[in-house]
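S.K.: What follows is each chain in one-letter form.
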Amino acid sequence: MNVQSNPVTASDTNARVLSYAEAIREAMAIAMQADPTVILMGEDIGVYGGAFQVTLDLIDRFGPERVMDTPISELGGAGVAVGAALTGLKPIFEFQFSDFAMLAMEQIVNQAAKLRYMLGGEAAVPVVFRMPSGSGTGAAAQHSQSIEAWFGHVPGLKVLQPSTPEDAKGMLLAALADPDPVMIFEHKLLYKTKGHVPEGSYLTPIGKALVRRTGSDLTIVAGSIMLHRALEAAEKLATDGINVEVIDLRSIRPIDRDTILTSVRKTGKLLVVYEGVKAYGVGAEISAMVAESDAFDYLDAPILRLGAADAPVPYNPDLERASVPQVDTIEAAARRLVRREV
Amino acid sequence: MMDADNRPFAIRHYSPAQLREALKRMYLIRRFEEGAEDSYTRGMIHGTMHLSIGQEASAMATCMELTDDDKITSNHRGHGHCIAKGADVGRMFAEFFGKETGYCHGRGGSMHIADVKTGNLGANGIVGGGLPIAVGAALSAKRLGKSDVTVCFFGDGANNEGAFHESLNIASVWKLPVIFVCENNGYGMSTSTARSTAVPHIAQRAAAYAMPGTTVDGNDFSAVSEALHIAIARARAGDGPSLVENLTYRWRGHSKSDRNRYRTKEEIEAWMAKDPIARFRAELIAHGVLDEAGADAIASQAVADVQKGIEFAKASAAPDLSEVTRYVYAEAAL
Chain P
1 MNVQSNPVTA
11 SDTNARVLSY
21 AEAIREAMAI
31 AMQADPTVIL
41 MGEDIGVYGG
51 AFQVTLDLID
61 RFGPERVMDT
71 PISELGGAGV
81 AVGAALTGLK
91 PIFEFQFSDF
101 AMLAMEQIVN
111 QAAKLRYMLG
121 GEAAVPVVFR
131 MPSGSGTGAA
141 AQHSQSIEAW
151 FGHVPGLKVL
161 QPSTPEDAKG
171 MLLAALADPD
181 PVMIFEHKLL
191 YKTKGHVPEG
201 SYLTPIGKAL
211 VRRTGSDLTI
221 VAGSIMLHRA
231 LEAAEKLATD
241 GINVEVIDLR
251 SIRPIDRDTI
261 LTSVRKTGKL
271 LVVYEGVKAY
281 GVGAEISAMV
291 AESDAFDYLD
301 APILRLGAAD
311 APVPYNPDLE
321 RASVPQVDTI
331 EAAARRLVRR
341 EV
Chain B
1 MMDADNRPFA
11 IRHYSPAQLR
21 EALKRMYLIR
31 RFEEGAEDSY
41 TRGMIHGTMH
51 LSIGQEASAM
61 ATCMELTDDD
71 KITSNHRGHG
81 HCIAKGADVG
91 RMFAEFFGKE
101 TGYCHGRGGS
111 MHIADVKTGN
121 LGANGIVGGG
131 LPIAVGAALS
141 AKRLGKSDVT
151 VCFFGDGANN
161 EGAFHESLNI
171 ASVWKLPVIF
181 VCENNGYGMS
191 TSTARSTAVP
201 HIAQRAAAYA
211 MPGTTVDGND
221 FSAVSEALHI
231 AIARARAGDG
241 PSLVENLTYR
251 WRGHSKSDRN
261 RYRTKEEIEA
271 WMAKDPIARF
281 RAELIAHGVL
291 DEAGADAIAS
301 QAVADVQKGI
311 EFAKASAAPD
321 LSEVTRYVYA
331 EAAL
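Protein chains in written order, with the numbering used here: chain P, 1 to 342; chain B, 1 to 334.
Be aware that a few hints might be false.
To be verified - Restraint ranges, calculated between C-beta atoms of paired labels, are given here:
| # | chain 1 | residue 1 | chain 2 | residue 2 | range |
| --- | --- | --- | --- | --- | --- |
| 1 | P | P254 | B | G47 | 26 to 32 Å |
| 2 | P | A309 | B | R236 | 55 to 61 Å |
| 3 | P | H153 | B | E331 | 21 to 27 Å |
To be verified - From the structure, some residues in chain B lie toward chain P, with a derived Cβ separation under 7 Å:
| # | residue |
| --- | --- |
| 4 | G108 |
| 5 | A114 |
| 6 | V116 |
| 7 | P132 |
| 8 | A137 |
| 9 | Y262 |
Keep in mind that the hints were calculated from the coordinates and are not lab data. Ideal placement from N, C-alpha and C gives every residue a C-beta, glycine not left out.
Kindly produce the complete structure, drawing on both the sequences and the hints.
M.R.: Given below as structure tokens:
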């Protein structure tokens with residue numbers, strides 16, 4: 001699963017190869033080195049290194065006062081991060097699994113997202129929530145969800161989903177530089193994937209999608225791991241002369257309207273692929289955005305969405321695989337759309 | 001002359017000027033809330049509000065030793081906390097009237113009243129919402145090497161929220177400079193503490209988190225200020241958090257929708273006889289801090305300040321309707 005960065009992104013010719021997890025760790029280390037107010041908080045992120053080893057060894061470099069193991073108290077821990085952000089620190093709070101953020105919805109949605117507004121701009125909450133997300137690990141219904149759309153519904157939050165190691169690093173650094181609360185959904189299956197990562201500090205712009213593959217017959221919008229599946233499907237379709245444009249939806253909130261509408265005007269067909277439950281999801285927002293714009297006039301086929309089945313994520317590996325979009329289902333949907341068999 | 005050792009803590013510990021200012025602010029809280037209630041009845045304030053009339057000693061005595069660098073988090077019944085911490089009643093009225101000159105530029109209202117410059121991080125509409133935030137503010141002070149403390153105001157209702165338990169535990173494990181101040185007015189909306197809470201005194205819950213827990217008469221200014229003096233000193237010394245429970249009573253209902261079906265007239269009247277402002281005033285006079293004429297002058301000044309505040313709010317401009325999404329995000333970032 002090696003994705004070459006799009007040439008429009010910052011990229012050294014001699015860039016090193018790091019894993020997605022290593023890239024996130026490097027971003028945290030760079031930020032902590034540069035800014036003493038950056039602290040890490042989360043469950044088992046210290047000596048244990050985090051459930052996915054993302055914070056491995058950071059406690060040795062920065063000490064337990066800056067790499068803080070919290071009790072298993074998601075509401076309290078996240079709220080402490082919110083309060084600390086309100087008063088001068090820049091906490092990076094790791095939810096062990098993004099599913100556990102449901103225990104902290106109060107602090108994320110009622111507090112972090114709204115404090116600036118409720119206080120008329122007199123306060124800021126520069127907190128970063130790291131959200132290990134997604135299915136494919138056999139962890140079943142409470143450890144496999146993709147709930148990014150939930151937070152896309154909340155004014156005041158910014159919601160990102162990096163698909164490459166380069167973006168995983170650049171987005172975390174951008175999130176830390178941002179004065180508002182940012183949630184970064186990191187797909188668990190991507191942690192070990194590798195890619196080129198520039199040295200030093202750089203910021204991946206928040207709110208910008210990226211055309212990862214250009215094409216003229218069909219636009220696929222997909223982020224996180226679905227980007228990789230969409231690109232693989234696009235390669236297969238190319239052998240049959242179907243040229244797919246693939247947009248990496250790097251940011252859910254704010255969403256990059258221009259990049260999506262420009263592509264749809266060009267191709268006239270849109271397939272949105274996401275791992276969250278299909279109903280009321282990211283695809284609904286993007287479909288409506290296109291339908292409400294002038295790009296609607298360029299469509300020559302209905303808009304299609306591929307999302308997760310209308311069920312909790314199942315345990316059985318075949319069921320689990322079948323419950324979310326895969327390369328073959330994306331390919332099949334694209335073929336139907338190109339043939340207008342929808 | 002009285003033996004100095006027998007005088008109440010507050011009289012011994014604070015200067016006459018500080019005590020007179022405290023009385024002034026208590027009158028200001030009372031008159032502010034009466035003014036807000038009156039403005040609501042006249043249709044100048046919409047929505048709802050939660051009045052703390054009868055709880056003024058708890059708010060003011062708790063804030064006696066706090067500086068503008070010390071933080072408070074407040075709750076839905078937070079007008080008193082805001083004034084006690086040093087806010088201007090004119091900007092508070094402007095907020096309640098929904099004006100751009102209000103502390104929150106008309107976006108927050110009564111339930112989110114805040115004054116970050118005086119260290120008030122804001123009232124909170126979610127019961128227990130401010131507790132973890134207060135712990136976070138205390139963490140900031142510790143990490144940034146400051147001696148500031150954070151006082152977290154909450155009611156008896158919040159003590160049955162998970163956020164209360166998680167916050168007290170984290171604050172204790174990390175030895176953070178935070179003081180949890182429970183204003184126990186006997187009812188979470190209509191449900192009494194007796195019907196909702198397994199322990200007779202909320203301060204007993206401190207034992208579960210290995211911190212000192214103290215229950216005081218929340219209508220006794222001196223008793224509250226002494227309990228806070230001890231807790232603040234402990235926090236500033238780096239010895240960790242405390243829980244102080246101020247037993248008090250709200251004379252008014254929970255909010256404007258309250259039809260008072262759960263309390264007796266006798267109970268309310270008995271508590272009204274224990275008016276914390278009258279009690280503090282009498283105490284100050286008895287100890288020669290001021291005389292009747294001096295106290296009357298302070299009370300009159302509060303009336304004048306509130307009237308002036310209402311006039312300021314009335315004369316202020318409303319927010320521009322085109323700015324409904326302003327302040328959702330930082331302006332420089334957009």
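S.K.: Which of the listed hints are not met by the structure?
M.R.: 9
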